[in-house]
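A.B. asks: Okay, here's what each chain looks like letter by letter:
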Amino acid sequence: AQSVTQLDSHVSVSEGTPVLLRCNYSSSYSPSLFWYVQHPNKGLQLLLKYTSAATLVKGINGFEAEFKKSETSFHLTKPSAHMSDAAEYFCVVSDTGTGGFKTIFGAGTRLFVKA
Amino acid sequence: DVKVTQSSRYLVKRTGEKVFLECVQDMDHENMFWYRQDPGLGLRLIYFSYDVKMKEKGDIPEGYSVSREKKERFSLILESASTNQTSMYLCASLSLGATEAFFGQGTRLTVV
Chain A
1 AQSVTQLDSH VSVSEGTPVL LRCNYSSSYS PSLFWYVQHP NKGLQLLLKY TSAATLVKGI
61 NGFEAEFKKS ETSFHLTKPS AHMSDAAEYF CVVSDTGTGG FKTIFGAGTR LFVKA
Chain B
1 DVKVTQSSRY LVKRTGEKVF LECVQDMDHE NMFWYRQDPG LGLRLIYFSY DVKMKEKGDI
61 PEGYSVSREK KERFSLILES ASTNQTSMYL CASLSLGATE AFFGQGTRLT VV
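Same order as they appear, the protein sequences are chains A and B.
Numbering-wise (the working numbering), the first sequence opens with residue 1 and increments by one.
Numbering-wise (the working numbering), the second sequence opens with residue 1 and increments by one.
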C-alpha cells in the first residue's frame with residue numbers, strides 16, 4: 001500500500017540559509033513522486049516531479065529533490081531560502097497499482113522563513 | 001494553461017443541508033478528483049472519476065457522493081451536511097497517462 005510521511009510538520013529557517021524538507025514514502029510499484037507548494041489563500045502549485053528518469057530533479061524557484069530508492073526518500077532542498085518561500089509544502093506519491101490510479105498526499109510541512 | 005475552476009471560494013451551510021460543490025476543467029482530462037484538506041492531515045482523497053458516469057471511492061467517502069454527467073464537470077455532494085465536514089475542498093484533474101494533477105483554488109466550506 002502507498003503511504004507518504006513528511007517527517008516535520010514545521011520547519012523554520014533564516015533567509016539565505018539552506019532548506020531541507022524531508023519526505024519518506026512507501027509504494028508497491030514504481031511510483032511517481034511530486035512536491036507541491038501552497039501559499040496562503042492560493043491553490044496548489046507543482047514544484048517538481050520524479051517519474052523514473054534522473055534521480056536528482058530540479059524544479060521551479062531553485063528547489064530540487066533527490067529520489068533515493070534505497071532509503072525510500074524524496075527530500076526537498078534549496079540552497080538559500082527566500083522570504084517568498086514561506087508556504088506549506090506537500091510530498092505526493094502516485095502510482096497505478098491494484099485498485100487503479102491513486103495519489104496520496106503527505107500531511108504537509110509548513111516552512112517559516114525569518115528575516 | 002489548464003484551468004480547473006471551482007464554483008465557490010467560500011460557502012457557509014447549515015447542518016442537514018444538501019450541498020453541491022462544482023468543479024469544471026477545460027482540458028478534456030479523463031480523470032478528476034475531490035480531496036479535502038485539513039490541518040495536519042494533508043489532502044485526503046474523497047472520490048475520483050476516470051470517465052463520464054464512472055466513479056471510485058477514495059479513502060474517506062463516507063457522507064459524500066459524486067456525479068459526473070459530462071467529462072468536464074465533477075460534482076461533490078454532501079447529502080446532509082455535518083459540522084465535521086467543515087473543511088477546504090480541492091478538485092483536481094489530469095489526463096490519461098499523465099502524472100501531474102492540476103488543482104482548483106479550493107472551496108472553503110463551513111457547516112454551522
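It is possible that some hints are incorrect.
Claimed, not checked - Computed list of lysine-lysine pairs in DSS-like fashion (alpha-carbon distance at most 30 Å, straight line): (1) K58(A) with K68(A); (2) K13(B) with K70(B); (3) K42(A) with K102(A); (4) K53(B) with K13(B); (5) K58(A) with K114(A); (6) K114(A) with K102(A); (7) K102(A) with K18(B); (8) K42(A) with K18(B); (9) K3(B) with K53(B); (10) K3(B) with K71(B); (11) K70(B) with K18(B); (12) K53(B) with K114(A); (13) K57(B) with K58(A); (14) K55(B) with K18(B); (15) K71(B) with K13(B); (16) K71(B) with K42(A); (17) K57(B) with K42(A); (18) K49(A) with K13(B); (19) K55(B) with K49(A); (20) K3(B) with K55(B); (21) K69(A) with K70(B); (22) K102(A) with K3(B); (23) K49(A) with K18(B); (24) K18(B) with K58(A); (25) K71(B) with K102(A); (26) K71(B) with K53(B); (27) K68(A) with K71(B); (28) K49(A) with K69(A); (29) K18(B) with K68(A); (30) K3(B) with K70(B); (31) K70(B) with K55(B); (32) K114(A) with K49(A); (33) K70(B) with K42(A); (34) K18(B) with K57(B); (35) K58(A) with K102(A); (36) K68(A) with K53(B); (37) K55(B) with K68(A); (38) K58(A) with K70(B).
None of these hints come from the bench; they were simulated from the model.
These numbers come from a predicted model, not from an experiment.
A.B. asks: State for each hint whether it applies.
C.D. replies: Tested hints:
At most 30 Å may separate the alpha-carbon atoms for a hinted pair to count; K58(A) and K68(A) meet this at roughly 15 Å. Between K13(B) and K70(B), the direct Cα distance comes to roughly 26 Å. Compliance with the 30 Å bound is thereby established for this hinted pair. At most 30 Å may separate the alpha-carbon atoms for a hinted pair to count; K42(A) and K102(A) meet this at roughly 24 Å. For the suggested pair K53(B) and K13(B), the alpha carbons sit about 27 Å apart, so the restraint of at most 30 Å is met.
Under the criterion of a C-alpha separation no larger than 30 Å, the hint pairing K58(A) with K114(A) is consistent with the structure, at around 24 Å. Only pairs whose Cα atoms come within 30 Å are accepted, and K114(A) paired with K102(A) is rejected, the gap being roughly 36 Å. A distance of roughly 28 Å separates the Cα atoms of K102(A) and K18(B); the hinted pair therefore holds under the 30 Å criterion. The suggested pairing of K42(A) with K18(B) holds, with an alpha-carbon distance near 27 Å, which does not exceed 30 Å.
Pair hint K3(B) plus K53(B) holds up; C-alpha atoms about 21 Å apart against a cutoff of 30 Å. Proximity of K3(B) to K71(B) is assessed by CA-CA distance (about 14 Å); at most 30 Å being required, the pair is judged to hold. Distance hint between K70(B) and K18(B) is fulfilled; the C-alpha atoms sit about 21 Å from each other, no more than 30 Å. Restraint check for K53(B) and K114(A): the C-alpha separation of about 49 Å exceeds 30 Å, so the hint is violated.
At roughly 34 Å between alpha-carbon atoms, K57(B) and K58(A) are farther apart than 30 Å, so this suggested pair is violated. With a C-alpha separation of about 20 Å, the suggested pair K55(B) and K18(B) falls inside the 30 Å cut-off, and the hint holds. For the hint linking K71(B) to K13(B), the alpha-carbon distance of about 28 Å falls within 30 Å, and the restraint holds. Between K71(B) and K42(A) the alpha-carbon distance is near 25 Å, which keeps this suggested pair within the 30 Å criterion.
For a cut-off of 30 Å, the pair hint linking K57(B) to K42(A) stands: about 27 Å separates their Cα positions. As the CA atoms of K49(A) and K13(B) are separated by approximately 37 Å, the hinted pair breaks the 30 Å bound. Restraint check: the Cα-Cα separation between K55(B) and K49(A) comes to about 26 Å, which is no more than 30 Å; the hinted pair holds. With a C-alpha separation of about 22 Å, the suggested pairing of K3(B) with K55(B) holds against the 30 Å cut-off.
Among the hinted pairs, K69(A) with K70(B) is inconsistent with the structure: their alpha-carbon atoms are about 40 Å apart, more than 30 Å. A C-alpha spacing of about 21 Å is found between K102(A) and K3(B), which places the hinted pair at or below 30 Å, so the restraint holds. Between K49(A) and K18(B) the alpha-carbon distance is near 38 Å, which puts this suggested pair outside the 30 Å criterion. Distance check on the hinted pair: K18(B) and K58(A) sit about 44 Å apart at the alpha-carbon level, beyond 30 Å; violated.
With a C-alpha separation of about 19 Å, the suggested pairing of K71(B) with K102(A) holds against the 30 Å cut-off. For the suggested pair K71(B) and K53(B), the alpha carbons sit about 9 Å apart, so the restraint of at most 30 Å is met. Under the criterion of a C-alpha separation no larger than 30 Å, the hint pairing K68(A) with K71(B) is inconsistent with the structure, at around 38 Å. Our distance criterion of 30 Å between C-alpha atoms is met by K49(A) and K69(A), whose separation comes to about 15 Å.
This hinted pair does not check out: K18(B) and K68(A) have alpha carbons roughly 46 Å apart, beyond 30 Å. Taking the CA atoms of K3(B) and K70(B), the gap is about 16 Å. The hint holds against a cut of 30 Å. Proposed proximity of K70(B) and K55(B) is supported: the alpha carbons are some 13 Å apart, at most 30 Å. Note on K114(A) and K49(A): the hinted pairing holds, with a Cα-Cα distance of about 27 Å set against a maximum of 30 Å.
Our distance criterion of 30 Å between C-alpha atoms is met by K70(B) and K42(A), whose separation comes to about 27 Å. For the proposed pair K18(B) and K57(B), the alpha carbon gap of about 20 Å is at most 30 Å, so the pair holds. Only pairs whose Cα atoms come within 30 Å are accepted, and K58(A) paired with K102(A) is accepted, the gap being roughly 24 Å. In summary, the hint linking K68(A) to K53(B) is not supported, as the alpha carbons are separated by about 39 Å, beyond the 30 Å threshold.
A hinted pair counts as satisfied when its Cα atoms are at most 30 Å apart, and K55(B) with K68(A) does not qualify at roughly 34 Å. A distance of roughly 37 Å separates the Cα atoms of K58(A) and K70(B); the hinted pair therefore is violated under the 30 Å criterion.
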